[in-house]
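Q: From first to last, the protein sequence lines are chains A and B. Residue numbering for the first sequence is 1 to 282, as defined by this note's numbering. Residue numbering for the second sequence is 1001 to 1339, as defined by this note's numbering.
Calculated directly from the structure, the hints in this document are not laboratory data. Bear in mind the structure is a predicted one, so any value in this text is a computation, not a measurement. Heads up, the beta-carbon is just placed ideally off N, CA and C, and yes, glycines get one too. Please note that the accuracy of each hint is not assured.
What the hints assert, rightly or not - Just some of the chain A residues that point at chain B, by a computed CB distance under 7 Å:
1. Val81
2. Asn119
3. Thr137
4. Lys140
5. Val141
6. Val256
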Amino acid sequence: MTTIAPPPTIDLARLEEPEPERDPTGAQLDAVNISAWFGTNKVLDRVSLSMPPGTVSALIGPSGCGKSTFLRILNRMHESVPSAKLAGEVQLNGQDIYAPGQRITETRKRIGMVFQKPNPFPAMSIAENVVAGLKLTGAKVSRSAKEALIEDCLQRGGLWAEVKDRLDRPGGALSGGQQQRLCIARSLAVSPDVLLMDEPCSALDPTSTRRIEETIAMLRDQVTIVIVTHNMQQAARVSQQCAFFLAEQGTPGVIVESGPTRDIFERPRDQRTSDYVNGRFG
Amino acid sequence: MTAVADVSPASPLPDDDKPRSLGSGIGGSDRVFQVSATGVGAVVLVITGAIGLFLGYQLIPTLHNYGLGFFTRAVWNPEQNLLGISGVVVGTIEIAVIALAISFPLALGTAVYISEYAPNWLKGTLVALVDLMAAVPSIIYGLWGLLLISPHALYVARWINSYFGWVPFLKVDTDPRAAAFSAHNYVSSPFIAALIVSMMVIPMACAVMRGVFAQAPIGEREAAYALGSTRWGMIRSVVLPFGRGGIIGGTMLALGRALGETVAVLLIISPEYDLKFKPLEIGGITVASLIANQFNDASSSQLSALLAAGFVLFVMTIAVNTVAAIIVNRSRSGAQTDA
């Protein structure tokens, strides 16, 4: 008999906390029958998921199951890969972002993204990094409004206290965790309706991870958040809704099960979900 | 086993705690390769040094024969044995700088297009075509410039003269609006020579720039796109800042090449040795084409003078290339951001 390591304990008490009454300002994001290919290799098969405002949706699943691809389809980053193709619709407040006439730059502005590896613009200062999106999208903002925006976004990104005295220092000189929060602040500066996060903590230490999770909890009312994570406890901690992706041997990825995070972790309907969230594979 | 060291502080021999000598740990074949690679590298240095020494040595007879005036006079009169290179040096810099002004935007635009806009199937072809520009012999460029470009470029020169002639150095001493304008005032000018030289230095500048643009980190590119940036916005905020070292370095390398261009300049330009800065006007010379032009008829003291002029060019080129190398190495180009 081989001994199986005990599955990670998940703080279920935290999941039970009642949903406070909120009036979220994010947007409704719906993926409808999304399929995706790289060349002839199909990686996602008719995946549908509804991501309501005021909710953090976690996408979980083993490596290579298509969850990052799914996330990149949500703000049209998928098509930057030359051989990438997709089918289905992504609706932002009911409107298909892939419809003809939808500007890709406008879509990406409304659906921001934070990447796995922190990627501040190294040639810019911390302050310039925050408002880089304004410059890139050609938005004209007065100097005083810009300063207010920098402070506001850094506050919301949970970084203001640490950097308020050195806003003119290069963004690349911050620690990894600070850089990631700077990237979150940068995404917020163009006032997106949705924020996508692709394993935002996988390159960070536990303390930085905790700070980012606090930031996510704070932002939840303001933007709809979709987060890809490999860390089950993180999914349990930050999300209200959870989707379990799986690509079984040679088949494209599908959502095996999705629903309230509590249900996915406590009473999964599918055996595979149960195995995965209890750490028996993946 | 003795491999386990005694780490207790109460070691009987306190002087024991010395750095060990570590053998090189390099095997036989590695050592052979290391020695031969070092040898080849040293040969390059020795050759460059020897050329410098050989040319520099010619300064002694030159200064003896012509005095320090050799550097300040602007005349080359072998019959009266009156030689000075100040006009020649200025002409060299003049042509190189104008060539750079023409080639820089072309090389930069080509590099940006190839690395950022060109579809994949076109990229390889374009790279090969630009590299092919470097493979065309300079005599061919010279003939092309003389026979094909020069007859048309003189109209460009006249146009610049008539509209920008108020800028002192763009003035040509003739009436551009005369009914029968004197075309011969505009041909064989440093401007036309520089135009041809610019074509010859584009591939080098373009290759260096393209190389660094292609290395702009994907993470930063995606960050810009995810903020809603257009492609041009991404290029401006990610690719160009990242490639700044390569842009400067490539341009300086091109400058080094432009300084030394010989045959094409000699074919086009009409030699004049006086000190002036009139690019649109007929007449001028560069150090390299001076040497090629005067070499055959030179007496031994004049030959030394020509080689001394070559030494001046050698020093200029080395200085430019060294600065280019320093800039390229110091810049962030080629270095990923560390998370």
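Q: Against chain B, run the beta carbon of Val81/A and see if the smallest gap drops under 7 Å.
A: Cβ of Val81/A sits 11 Å from chain B, so the hint is violated.
Q: Quick check on the hint: Thr137/A CB to chain B CB, less than 7 Å?
A: Holds. Min distance 5 Å.
Q: Once the shortest beta carbon distance from Asn119/A to chain B is found, is it less than 7 Å?
A: 4 Å, holds
Q: Taking the least C-beta to C-beta distance, is Lys140/A closer than 7 Å to chain B?
A: Lys140/A check fails; min Cβ-Cβ to chain B is 14 Å, beyond 7 Å.
Q: For the hint on Val141/A, just tell me whether its beta-carbon gets within less than 7 Å of chain B.
A: Result: violated, 14 Å to nearest chain B Cβ.
Q: When the nearest CB of chain B is found for Val256/A, is that gap smaller than 7 Å?
A: 28 Å, violated
Checked against the numbered hints above, the structure breaks hints 1, 4, 5, 6 and satisfies the rest.
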